[in-house]
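K.L.:
Generate the whole structure from the sequences, applying the supplied hints.
Chains as they are written, first to last, in the UniProt record's numbering: chain A, 1 to 297; chain B, 1 to 297; chain C, 1 to 297; chain D, 1 to 297.
Hint data in this document are derived by calculation from the structure and do not stem from the laboratory.
Keep in mind that a hint or two might mislead.
Identical copies go unnamed one by one, so any copy, or any two together, can satisfy a pair.
To be verified - Calculated pairs, SDA-like style, for lysine to any residue (alpha carbon to alpha carbon, straight line, at most 25 Å):
(1) K163 to I232
(2) K96 to G33
(3) K163 to L243
(4) K96 to F138
None of these values were measured; they are calculated from a predicted model.
There are 4 protein chains.
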Amino acid sequence: MHIHPKHPQQRPTKPGLRQNLYDIIFEAEESWGRAFDIGLLIAIMGSIAIVAIETLPSIQTNPGTVLWMARIELIFAILFGTEYAMRIYCTRYPWKYIFSFWGVIDLISFLPSLLVGFGSPRQNAFVIVRSMRLLRVFRILKLWRLMSEADVLGATIWRSRGKIVVFLAVVMVAVTISGTLMYHVENRPAADGTPSTSGFTSIPQSMYWAVVTMTTVGYGDIVPHTIAGKCISAALILLGYSLIIVPTGFVSAEFTAARREAAGQASRPPARRVCPACQADEHLQQAIFCHRCGTRL
Amino acid sequence: MHIHPKHPQQRPTKPGLRQNLYDIIFEAEESWGRAFDIGLLIAIMGSIAIVAIETLPSIQTNPGTVLWMARIELIFAILFGTEYAMRIYCTRYPWKYIFSFWGVIDLISFLPSLLVGFGSPRQNAFVIVRSMRLLRVFRILKLWRLMSEADVLGATIWRSRGKIVVFLAVVMVAVTISGTLMYHVENRPAADGTPSTSGFTSIPQSMYWAVVTMTTVGYGDIVPHTIAGKCISAALILLGYSLIIVPTGFVSAEFTAARREAAGQASRPPARRVCPACQADEHLQQAIFCHRCGTRL
Amino acid sequence: MHIHPKHPQQRPTKPGLRQNLYDIIFEAEESWGRAFDIGLLIAIMGSIAIVAIETLPSIQTNPGTVLWMARIELIFAILFGTEYAMRIYCTRYPWKYIFSFWGVIDLISFLPSLLVGFGSPRQNAFVIVRSMRLLRVFRILKLWRLMSEADVLGATIWRSRGKIVVFLAVVMVAVTISGTLMYHVENRPAADGTPSTSGFTSIPQSMYWAVVTMTTVGYGDIVPHTIAGKCISAALILLGYSLIIVPTGFVSAEFTAARREAAGQASRPPARRVCPACQADEHLQQAIFCHRCGTRL
Amino acid sequence: MHIHPKHPQQRPTKPGLRQNLYDIIFEAEESWGRAFDIGLLIAIMGSIAIVAIETLPSIQTNPGTVLWMARIELIFAILFGTEYAMRIYCTRYPWKYIFSFWGVIDLISFLPSLLVGFGSPRQNAFVIVRSMRLLRVFRILKLWRLMSEADVLGATIWRSRGKIVVFLAVVMVAVTISGTLMYHVENRPAADGTPSTSGFTSIPQSMYWAVVTMTTVGYGDIVPHTIAGKCISAALILLGYSLIIVPTGFVSAEFTAARREAAGQASRPPARRVCPACQADEHLQQAIFCHRCGTRL
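P.N.:
Pasting the structure below:
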C-alpha cells in the first residue's frame, strides 16, 4: 500500500498504529480511509439535521422529544470529541493542528454541545456555532478531489472580478434609483387626501422590493397599488430582467471558453514529426510512412 | 415490407397473425404500427386526464358525473387489458415479457381500475398507481427514436456528475447556513418584549424558504419582516442568484460543446480513402502514400 | 427612384396615382412609404391603447370619458377604413387582396368599431376582435426587413423540433407526477381528524401549481402547508429547476452555433491562390509575391 | 511622476498647486488621486444612505434623529460644495466645466441639501434630485478604467439593436394578447350570476400581470381564479417562459463570440516581422519572402 499524504509534514514517520490511524483519518486513498470519510459525512449530516429539527415548534413543545434530541446530540458531540482526540493523537505536531483552521472548526463542532449536554443551559447562540460543523463537509469533499471542479469555478470568478465589480455597481445604482422612484410614485397621497396604504413605506423598503423584483424572486409582500406604480414597475421589471441576464450569459461564455480550452489541449498533437526526406509535417500520430513521399519516418 | 425488430428474440419466427400483430404492437416502422402508437398515446393521455379530472371538487360532489367518470375509466381499463392480452399472445416468450419492466407497468396500468370498476371500493392509493401508466408514454417515444435526443442529454449529465455533486453540496450548505441565519435574525423578540410573528418558525422552515428564494420561485408565504431580516435576505438573494446561474451556464457550455463536436463530425470528409495494400483508412486528405505501408494510394 | 416591389404581381403596371399610392402603402423603400408605416404603427398602438384603457374601472364608471373614448375609437376606425379602401383601390387584383390573410385582418381591424360607432350595442366579444389589429404590427416590421432576425430564430426552432417534443413530454410527465404526488401529500387529513385546508384541492389544481413552480414564477396562491409537503416541494423545486435550465442552455448553444457559422462564413478566404512556381498555397489575401519562393503571383 | 491627463485641455499648464490639485481630483493615476477617489466614493455612498434612511418611518417619527440626519446631510453638502469649488478653482476653463454634464451633476448633488440645511423647508422633490448624486459613482469608476468592461457590453447591445427591437415588439404583442385573453376569461360572470371577483379588473391590469408572469417574477397579487383561467395561464406561462429564454441565450452567444474573438487576438504571434525593404508587416509565420515586394525577409 502506497499513500501520497496531502500534508506529509504531519504524517508520523514510523509505521505503526499512529501512522495507520493518520492514513485513515486524514487521507482518503484506501478503503478504510474512504469508509471513515463516509461515516463522518453521515454523522455531520445527521447532527446538522438534529440542530434543525430541534427548532421545530412541534418538537419544542414536547419535553420528551426535546430530551431525546439532547441525548442524540450528546452522542454526536462525544463522537466528534473522540475524533478530535484521535486527530490530536495521530498528528506529528498536534499544536500545529489544534491552531489550524480545520482544528478550530473541529473543536467548536463538539464543544458547545458537550457543555450543553453536561448541564450548561441551552443557549440560542450555540445553534449558530453548532451549525459551523457544516463546514467540515468541505474538508471531506476536498480529500475526494471533487474540489478541483470548484477550483475551476473559483479561477473563473477571480479572472472576471473586474466585470463583477462593474456589474454589482450597476445593480446597486439600478436598485437605488428604482427604489427611490417607486417610493415617490407609490407614496403620493390620493386625490381625495387619504394617505397611501402602499407597502413602499421607505426607500430602504423600496430597495428591498427592487432586489426581490429584479432577481425575479417576486415574493409579493410589497406590490405597486397605483396605476402609475404598476406601469413604472412593469417597465422596471423588463429593464431589470435585461440587466440580470447579463451575468448568466457571461458565466455561460466563461464555461464555454474553459470547456473549449480543455478540449483544445486534449486534441493538440504532443509533438509534430517531420519527414526526413521531404520535410513534410502534419503526419497522423500513428503514421509509419510519410504521406507525401512514402519514406519511412 | 422489411422490419428491423428492436427485440428480435421476442418476435415470432413464423409469418402469420402473431408476427403481424407483433410488428404492429411492438414496432413503429410501418403505418399500422404508427397508427397503433398514436392511438395508444391518445388513450394514455385521456385516461390520465380522467384520473386528474376525477379529483376536481365540482366533479366529486356530483354523483352523476362520478359515475360517468368511472364508466369511462372502466372502458380505458378494458382497452389497456385487451392490449396487455394481445402483447402476451404475440410475444415468443410471454413470461419474459410479463416480468419485464414494461410488462409490470402495463399490468398495473389497468388492473387497479378494473378492480375498482368491478366492485372493489375506490381507494386513494390507487390514484398514484393509476398515474404510473404515464410512464408508458416514454416507451412509445422510445420507439420513435426521439429518445436519442434524451440520450445525448443523459450522457452530458453523466459526464458532469462530479460537478453536480459539488454543486448540490454547495447549494445544501448555502441553504442550511441561510436558513439558520434567517431563523435567528427573524426570531429575535422585539425591543418591547412582544414575541416575533415571523414565518421563520424553525430552521427546516427557513431552509424551505431558502430553497424557494434561491431558485427565484419566491412564493411569498414566508417573508422577512424585520429590517435586519430584509437586509440580510436581499444580500442572500443576490448571492443565491449568483450561485444558481452557475448550472445554467454550465449546461449551456455542455450543449455548446456537444453541438460543436456534432458539427465537427459532420464536416469531416464523408468518403474515406482506404489503402489498396493494407486496407488502412484515416489518411490525411492530401496524402499521396499510405501512412502504414508506404504504398501509393 | 427604383422600387423592388415585394409582391410584383399586385403592383399596378402603369405609372400614375395608383402606382405611387401602392409604393407608399405596400412598400417601405422610400421616405413617403416609411413615413406612412410609422404613422400606421402609431395609429395601431394608439387604437390598442384605447381598447385597453376603455376597460379600466375608473373610465367605465364615468359616462363622459366613455363617450370620448368611443369618439376616438370611431376616428381610428374611419382612419383604418380609409386605409383599407385605399389598399383596395391601388392593388391590381383587389379581390386577391381582400381574401388574403392581411386583407381579412385589415377588414376586421376596423369593421366592429365602425358598427359600434354607428349604433350597434357595444359587445365584449368585439374587444378580442378589435385586439387582432395588433397583428398588423408584424406586417409593418416585415416590410422593414427586421423580420430576417425572426427568421433565424424560426429556423433554429424548426431544426430542434425533435428536442422540443421530447422536452415538452418530459415537462408534462414531471408536472403530472409532481401534481399527483403533492395532491396526495397535502390532502391527507391531519392526525386529529380535521380536514386539510390545503390549496391542493385537486390534481389539475396541483398541476397548475407544478407549472407555476417549475417555471420559477411562484405566485404563492397555492403553497404547501404540511412539513412533508414542504420537504417534497423543496426537492421538486430543485429538480424542476434543473429541468427548466435545459432549454435555456440549449437555446444558448443554438445561438452560439448560429453565431459561429455566420463568423466562419465571413472569415473564410473566397479562393485560395497557388504559387505558379512552387505550388505553395496559404498566401495572404493581399499578397503580391509568393512567401516561399518570392515569385510574382 | 508622469501623468497622462484624460482631458488635457482642462489641465493647468503651469506646475504648481492648481496643477497638483487637478491631478488629484480629476485623475486617478497616483496614490493621492486614488485616495481622493476612494474617499469621494465613500462620501457618495454615505450621503445616499442618509437620503434612504431618512425615509424610514421609525426615523421620521423621532424628531431627534431627524435633526441628526439633517446635520449629517449638511456636512456632506458642505463637503461636496468644497469639492465643487476646488474643481472650479483648478480647471483651466471653469465655465466649460460648470456647464458640462458632470459639472451640472456635481452642482445639484449638494445645492438642494445646502438650501434645506440653511432654512428652506424640506421638500419631497429634493429627494430625487439628491439621489442624482449617485450618478457620480460612474465618473469615479470611469477613471478607474473599469468602464472598458461596460464598453464591451455596450458595443454588444448596440450591434444587436435590430434583434432587440424585434424581441421587444414580440414581447409587447404577447403581453397585450395574453392580457386581453385573460381579462375576458377571468371576467366572465359565474353561472349563478354573481359578478367575478377576479384581480383581472381591466386590460392594462392584465397586461401588468402578463409582464410580471412572463418574466417569472410572479408576485401573486393577481392570480387566475377560474379553471379556464388557470389552464390558459399555465399554457401562457410555458409559452412566455420559452419567449423569455431567447434573450438569455442570445446574450450568452454574444459573450461567447466576444470571448472567442478576444482569445483569437491573444493567440496571434506577438512579434510581427517587418519587411526590411517595404516595411510591410502581417507576414505568414512560415514566410521566407515578403508578400508585397518579394524581398527575402
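K.L.:
Decide, hint by hint, whether the structure agrees.
P.N.:
Status of the hints after comparison with the structure:
1. Taking the shortest alpha-carbon separations for K163 and I232, only the inter-copy value of 24 Å comes in at or below 25 Å, while the best intra-copy value is 28 Å.
2. With identical chains, the CA atoms of K96 and G33 are at most 25 Å apart within one copy only, with a shortest distance of 22 Å there and 43 Å across copies.
3. Taking identical chains as interchangeable, the C-alpha atoms of K163 and L243 lie at most 25 Å apart whether they share a chain (13 Å) or sit on different chains (16 Å).
4. For the homomeric pair K96 and F138, the shortest alpha-carbon distance inside one copy (20 Å) is at most 25 Å, but the shortest distance between copies (47 Å) is not.
Going through the hint list in order, the structure satisfies each hint without exception.
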